[in-house]
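There are 2 protein chains.
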Amino acid sequence: MAETKPEISFIGLGAMGFGMATNLVKRGYKVTGFDVWKPTLERFQAAGGNIATTPVEAVRGKDYCVCMVATAQQAQAVLIDGENPALPALPKGAALLLCSTVPCAYVQGLGRQLSELGRGDIRLIDSPVSGGAARAADGTLSIMAGGSDDAFEKGRFLLQEMSDPNKLYIVNGGVGAGSNMKMCHQVLAANHILAASEGLGFATHLGLDPHLASREVLKSDAWAWMLENRLPRMLDPEFKPVASALTIILKDTSIITSEARRSGFPTPMSSTAEQVFFSGLGRGYGPDDDSSLIRLYTEGKGKVGPVKGFAETDEAKLKLVKALFKGIYLCSAAETIAFADRCNLDLDQVFELCTSAAGGSTIFQVVGPDIIRLRRGQPLPTDDGEGFKEIAQQLQEAVEEAQRLKAPVYLGSQALTLTQLATQSASDATGPVSRATIAKLWGL
Amino acid sequence: MAETKPEISFIGLGAMGFGMATNLVKRGYKVTGFDVWKPTLERFQAAGGNIATTPVEAVRGKDYCVCMVATAQQAQAVLIDGENPALPALPKGAALLLCSTVPCAYVQGLGRQLSELGRGDIRLIDSPVSGGAARAADGTLSIMAGGSDDAFEKGRFLLQEMSDPNKLYIVNGGVGAGSNMKMCHQVLAANHILAASEGLGFATHLGLDPHLASREVLKSDAWAWMLENRLPRMLDPEFKPVASALTIILKDTSIITSEARRSGFPTPMSSTAEQVFFSGLGRGYGPDDDSSLIRLYTEGKGKVGPVKGFAETDEAKLKLVKALFKGIYLCSAAETIAFADRCNLDLDQVFELCTSAAGGSTIFQVVGPDIIRLRRGQPLPTDDGEGFKEIAQQLQEAVEEAQRLKAPVYLGSQALTLTQLATQSASDATGPVSRATIAKLWGL
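Those protein sequences? They're chains A and B, same order as listed.
If you read the first sequence in my numbering, its first letter stands for residue 1, the second for the next number, and so on.
If you read the second sequence in my numbering, its first letter stands for residue 1, the second for the next number, and so on.
So that you can see chain A by itself, here it is in the shape it has in the complex (with noise of 0.2 Å):
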């Protein structure tokens, strides 16, 4: 007879935690799921789950709880501050998995005041995840954990059953080094889900096809996963199905922005994507997916009068759309890597988790690399391909042309700001400058 697979407590049962509890039935776990929501309670015990109905009750007696609610908020209420917490209830030692993207204070905090509740034998694995709904159902998530020795001992299996097994990630630095290279994952996320937005709608201005056009800038190198991911729901009418709402993205960025403020860490296009996520909320947008947002930029066109561009060719087009896109990308890159320095995460690994999560992109893959010799002082390869002052060069043709079509292009428009600060701050280089200078900005 088959060893017996413990028994596992699961809160949280949004479109995430669904397909995660779901994953671990399939795979021949005991899983008692908890949800404010009654529907998904039912549909959690049609696909084989137990259900509580109060945190307390879905926890007592199972070694091993995973929490993936929404938020920081959300966590301290099931867990500690609500109605019939779970805390009381966990067995000694147990094993909590904390899946929820919250800021690293949050979980860190949650660490001591585990202690202060005499409960320090929990062992808590700060364990954020990454990949959508449909590889959370798989269990093939990427998950960046950090926590002790001790924690991962026990909960290891767990990570294991819900992620692929090359894309998770046992970050160093304890509990909050998981949420830390989330953050820093989320701020390509952040602004690649708007690129994607502002790159299609750039495009619609310029008169071209947006099939032609995604297709064309997917083949090139200014594909990016995001816009791969998005580009369905972008090009339906109705932005369905809802996949991931502009709220999820929205708080992410908030954590980033917030975070980065407490070192007084820099963060122009987090922050500049932040601003355009509130006037999405603003305008009702907040529970539809986020590749709706294109609705931000494509609402003037053919309404603010007589307007014409340069770009006359389908090819001339499409390459100012590539330009703003790579512009973005390099811009998004370097903010990456530059605060994920300044959150003492290895960079290597920052690199490798990015590259194969949802925030990879042709560029951040070729000038990753560039960028952490950069911060440790190595030499940087003279660029094959485009060099900095060519992608500058083509990013400000791009805002060019956005400007005399009178579309938005934030994002843009930004990351051309950030090139020309970069470009004064280095205005000393005559020859090539390697595309890895725009990082010097975050003072790396």
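By construction, these hints were calculated from the structure, which means they are not laboratory data.
Which copy? The list can't say, so a pair holds if one copy fits it or any two copies do.
Simulated pairs of lysine-lysine, DSBU-like, Cα-Cα distance not exceeding 30 Å:
| id | residue 1 | residue 2 |
| --- | --- | --- |
| 1 | 303 | 240 |
| 2 | 38 | 303 |
| 3 | 440 | 389 |
| 4 | 251 | 389 |
| 5 | 251 | 322 |
| 6 | 251 | 303 |
| 7 | 30 | 92 |
| 8 | 240 | 301 |
| 9 | 308 | 322 |
| 10 | 251 | 319 |
| 11 | 38 | 240 |
Could you slot chain B onto chain A? The hints should help.
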């Protein structure tokens, strides 16, 4: 018998031009007006003007021509390229006052065109104006004029008739210098116009009464001419009457950013404002008064789900609103002066003009001289009152509160990013830091 006043032709009778032309009529000049829009011609006739139905007819036989069309394209059309253009009929040695806000490059190119067309005899004065329709009608505009001595000898009296005696600025540098001066002033104008909407929008998200908030702000060191001027329309339910359309300030902003790009000069504040203006244009707000941009900042209020700020008292909230304004004004001041320096303008004259024109603010008044000293390598006085760190810290608190309220603050967020970047590059400072420090970001 009194000396007969010379005949004047006036091309472009829009909101500004109509007031300027009728002012000249009141002052006893025989003015022949032209405009493409017939109803305004009838109004001008009723106000005592003569009218012409083509540019060529308007200028024939008149030694003085004022051109006050909306754009460089329109100027080019009425003067040279369009139907029945003015140029062939301008008498030898006539004074041509181009009062439209156009790029420096355009008016300098116009000078070259005149020579190439064999009309180097025409005395071109590059003389954009500022001050709004009411001051246009009173003949008390601010005018920034560049031209040859010869041209001023002929045309100065006419500039004097249209301007306040203390607000006629003869700008060194010839044709183009007037436009550059106007452009640099518009850096303040563009940012302050949007700041008025952003700051008052933020106040409403905070739950402050906008009447109370604006009254308190205008009594404080967060005063600015633009807020005071736009306030009545901003508080009008229909944003009426239309005194200056969004399209006007957008046009001026696009001149700023495109001229700045030509020399790789970064305009992080103006570029941010321009993007928001494009969003407003896309919403159909182009013809509306620019004070109506507050709509972009208030639409989410009460609709973005449960939010709760930290500030509880009106006093605490007002402090945040003032901090937002002051941070924006500080960065706008630095961008203005640095850009003026790049344009080789006389910074003392820039300061004098801006403090007494529509771009004025208490912050500019206080910090402007320090930024100029910084540029000149002169020692900076220790700031009496708030230093750089205090302004940056309070701005950060405002941006954080806006984040809690999920309210967009595009300019405030950008200003915060700039204070962070400036702090980073001046991070060796330990004692009090001058507010002028922000200007180092632009290489001053």
